[in-house]
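Taken in order, these protein sequences are the chains called A and Y. As numbered in our numbering, the first sequence has no gaps in its residue numbers, which increase by one up to the final residue, 123. As numbered in our numbering, the second sequence has no gaps in its residue numbers, which increase by one up to the final residue, 139.
It should be emphasised that the hints constitute simulated quantities derived from the structure, not laboratory data. Note that the Cβ used here is the ideal one computed from N, Cα and C, for glycine as well. Be careful, since some hints might not be right.
What the hints assert, rightly or not - Interface residues of chain Y toward chain A, partial, derived using beta-carbon atoms under 8 Å:
#1 Gln41
#2 Lys75
#3 Ser111
#4 Phe115
#5 Asp122
#6 Pro132
#7 Gly133
#8 Leu137
As the list claims (entries may be wrong) - Simulated DEER-style distance windows between Cβ atoms:
#9 A/Tyr46 / Y/Val36: 20 to 26 Å
#10 A/Glu78 / Y/Gly64: 23 to 29 Å
#11 A/Glu78 / Y/Thr127: 31 to 37 Å
#12 A/Lys75 / Y/Thr127: 36 to 42 Å
#13 A/Glu73 / Y/Arg121: 38 to 44 Å
#14 Y/Gly95 / A/His17: 17 to 23 Å
#15 Y/Glu76 / A/Ser77: 41 to 47 Å
#16 A/His122 / Y/Ser82: 38 to 44 Å
#17 A/Thr62 / Y/Phe31: 17 to 23 Å
Below are the chains, spelled out letter by letter.
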Amino acid sequence: AQSVTQLGSHVSVSEGALVLLRCNYSSSVPPYLFWYVQYPNQGLQLLLKYTSAATLVKGINGFEAEFKKSETSFHLTKPSAHMSDAAEYFCAVSLMFSGGYNKLIFGAGTRLAVHP
Amino acid sequence: EAGVTQFPSHSVIEKGQTVTLRCDPISGHDNLYWYRRVMGKEIKFLLHFVKESKQDESGMPNNRFLAERTGGTYSTLKVQPAELEDSGVYFCASSPRDRGHQTQYFGPGTRLLVL
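Please build the complete structure, drawing on both the sequences and the hints.
Take a look at the structure:
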């Protein structure tokens, strides 16, 4: 069965420092993987997705993630944190069904704090 | 293009009362999903509609929850009677009916607090 583990419920970085949010997945088939972000008082926004094309995926706001099959990982990174990156980040794996729909299986989320 | 909208944004009710949440998907999206995040837990799937038909309601917690999708457009999720453990954030998402299109577009969520 598909599952997602996000290591670290809270991550704190200094402004300008590297951001690394960890995600490991379990999937019996080649996965589609997603990172969503929830800014304070807002909904879930798609950051980026992996769909079996390039293993390094670039998203919005300078984030990127690398799919590593051997490590079953899809970690999210950003070279230099900005105060506006403070939010909660969710990794998800897609469970596809016949009939053209899918379910998203989410990790527990990682809350990123950025301090000056 | 308007995104997924949800109403209300917040709801505070007492145990035993009824609450109805509404979701308007992106126009033209046949797939509509409901998810829930209980405090401190993962976001979990509740159910899925394709047009007006319930395709999968395996995540619905119990029969106090009733979801409908009138005419394949907007959807409502009714909780009756509400219990304390129903508190959380209820998200709605939609997507086109396309086997290759797995991205779901989420609304802002409804924050439900049952006292």
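A quick look at each hint next to the structure:
Contact between Y/Gln41 and chain A, as hinted, is not supported at the beta carbon level, the nearest pair being about 25 Å apart and thus beyond 8 Å. For Y/Lys75, the suggested interface contact is broken, since its CB lies about 11 Å from the closest CB of chain A, more than 8 Å. The interface hint given for Y/Ser111 is violated, since its Cβ lies 17 Å from the closest Cβ of chain A, which is over the 8 Å cut-off. About 6 Å separates the beta-carbon of Y/Phe115 from the nearest beta-carbon of chain A, less than 8 Å, and the hint is met.
This hint holds: Y/Asp122 has a C-beta 6 Å from the nearest C-beta of chain A, less than the 8 Å allowed. A cut of 8 Å between beta carbons decides the hint on Y/Pro132: the least distance to chain A is about 4 Å, and the hint holds. The beta carbon of Y/Gly133 is positioned within 8 Å of a beta carbon in chain A (closest approach about 5 Å), and the interface hint is therefore held. A distance limit of 8 Å between C-beta atoms decides the matter here; for Y/Leu137 the minimum to chain A is near 15 Å, and the interface restraint is violated.
For the hinted restraint 20 to 26 Å between A/Tyr46 and Y/Val36, the CB-CB distance of approximately 23 Å keeps it satisfied. In this structure, A/Glu78 and Y/Gly64 meet the distance hint of 23 to 29 Å, their C-beta atoms being roughly 27 Å apart. At about 24 Å, the CB distance of A/Glu78 to Y/Thr127 disagrees with the hint of 31 to 37 Å. For A/Lys75 and Y/Thr127, the Cβ-Cβ distance of about 22 Å falls outside the hinted range of 36 to 42 Å, so the restraint is violated.
Between A/Glu73 and Y/Arg121 the beta carbon distance is about 31 Å. The supplied range of 38 to 44 Å is therefore violated. Between Y/Gly95 and A/His17 the CB atoms are about 44 Å apart, so this pair departs from the stated range of 17 to 23 Å. Taking the beta carbon of each, Y/Glu76 and A/Ser77 are about 44 Å apart, inside 41 to 47 Å as hinted. Range check, A/His122 to Y/Ser82: Cβ separation about 42 Å, and the 38 to 44 Å hint holds.
Taken as a hint, the range 17 to 23 Å is violated for the pair A/Thr62 and Y/Phe31, whose Cβ atoms sit roughly 40 Å apart.
Of the numbered hints stated above, those contradicted by the structure are hints 1, 2, 3, 8, 11, 12, 13, 14 and 17, listed in ascending order.
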